[in-house]
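**Q** Sequence:
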Amino acid sequence: MASLLREQNEKIRHLENIVNVQKEEINVLTDEFSIIKIQNREKEHEIIKMRETISKLLQKCNDQKGGPSVDTNEGKDDEMTIVERKNIGKRLLEGSITPTPTPIRATAFYAHMSQNEVNAGKHRTLIFDVIKTNINNDYSPYSGIFTVPADGVYVFTLSLRIETGTNGAFEIVKNADVQGSAIGVIVSDVGHDIQLQVSETIVISATQGDTVFVRTHSQYGHTGYILADGNGRSMFAGWSILN
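UniProt numbering puts the first residue of the sequence shown at 1, with every later residue one more than the last.
Calculated directly from the structure, the hints in this document are not laboratory data.
Treat the hints with care, since some could be wrong.
Said to hold, decoys possible - In silico BS3-like links for lysine-lysine, alpha-carbon gap of 25 Å or less:
#, residue 1, residue 2
1, 23, 132
2, 11, 23
3, 11, 122
4, 56, 43
5, 49, 60
With the hints as constraints, model all of the structure from the sequences given.
**A** Here it is, written out as structure tokens:
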């Protein structure tokens with residue numbers, strides 16, 4: 001009975017944690033949307049300033065052409081002046097706007113679980129909610145999902161601490177495709193407590209916008225405990241090596 005109550009309490013705490021995580025994620029998304037709106041306004045202001053600068057340069061160039069012509073071919077000269085002005089404007093535009101090279105966007109993250117995961121079941125995303133490293137914030141501790149920031153090659157590694165009586169298979173997934181998997185089954189005689197780390201590391205190519213995460217197997221789910229404390233962590237990490 002005590003074991004059943006403990007399991008029920010763990011499940012209730014887990015559900016409460018999910019609700020809190022979802023609330024936090026909504027707040028984060030709201031903040032990100034506000035930041036994007038501010039950035040768009042700043043870009044619009046930069047465009048206006050650039051147009052004003054180009055207009056001033058064109059006007060300065062026109063002023064340097066001198067006064068009206070007294071030649072008998074005044075109409076023809078005016079026609080040539082229009083063509084020349086267009087060419088000058090084109091050269092000014094081409095020379096003043098230098099394409100910005102696309103920087104190499106490095107990223108890396110490392111996160112672990114804050115508490116034990118009990119009977120995670122089948123086809124369920126595991127959430128590693130304690131962030132130790134999260135360069136550029138491409139990993140979400142609320143959803144457990146890493147979003148690929150740029151096309152390239154990436155490394156992902158998984159390590160889960162399990163104990164006696166635990167059975168489970170785990171997958172590293174890109175979008176909906178399984179990229180790597182690991183299984184852990186511990187069976188021992190009564191009175192013997194065994195623990196081990198189930199690990200998997202993969203190297204994959206990914207496209208900007210792809211999502212990568214860890215989940216329990218769709219058929220061979222998880223029963224027992226995934227442990228998380230100072231004696232041993234359950235963690236998920238990834239980093240870019242080429243983009």
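**Q** Each hint: holds or not?
**A** Okay, the hints, checked on the actual structure:
no.: 1; hint: 23 with 132; in the structure: holds, 22 Å
no.: 2; hint: 11 with 23; in the structure: holds, 19 Å
no.: 3; hint: 11 with 122; in the structure: holds, 15 Å
no.: 4; hint: 56 with 43; in the structure: holds, 20 Å
no.: 5; hint: 49 with 60; in the structure: holds, 17 Å
Checked against the numbered hints given earlier, the structure satisfies every one of them.
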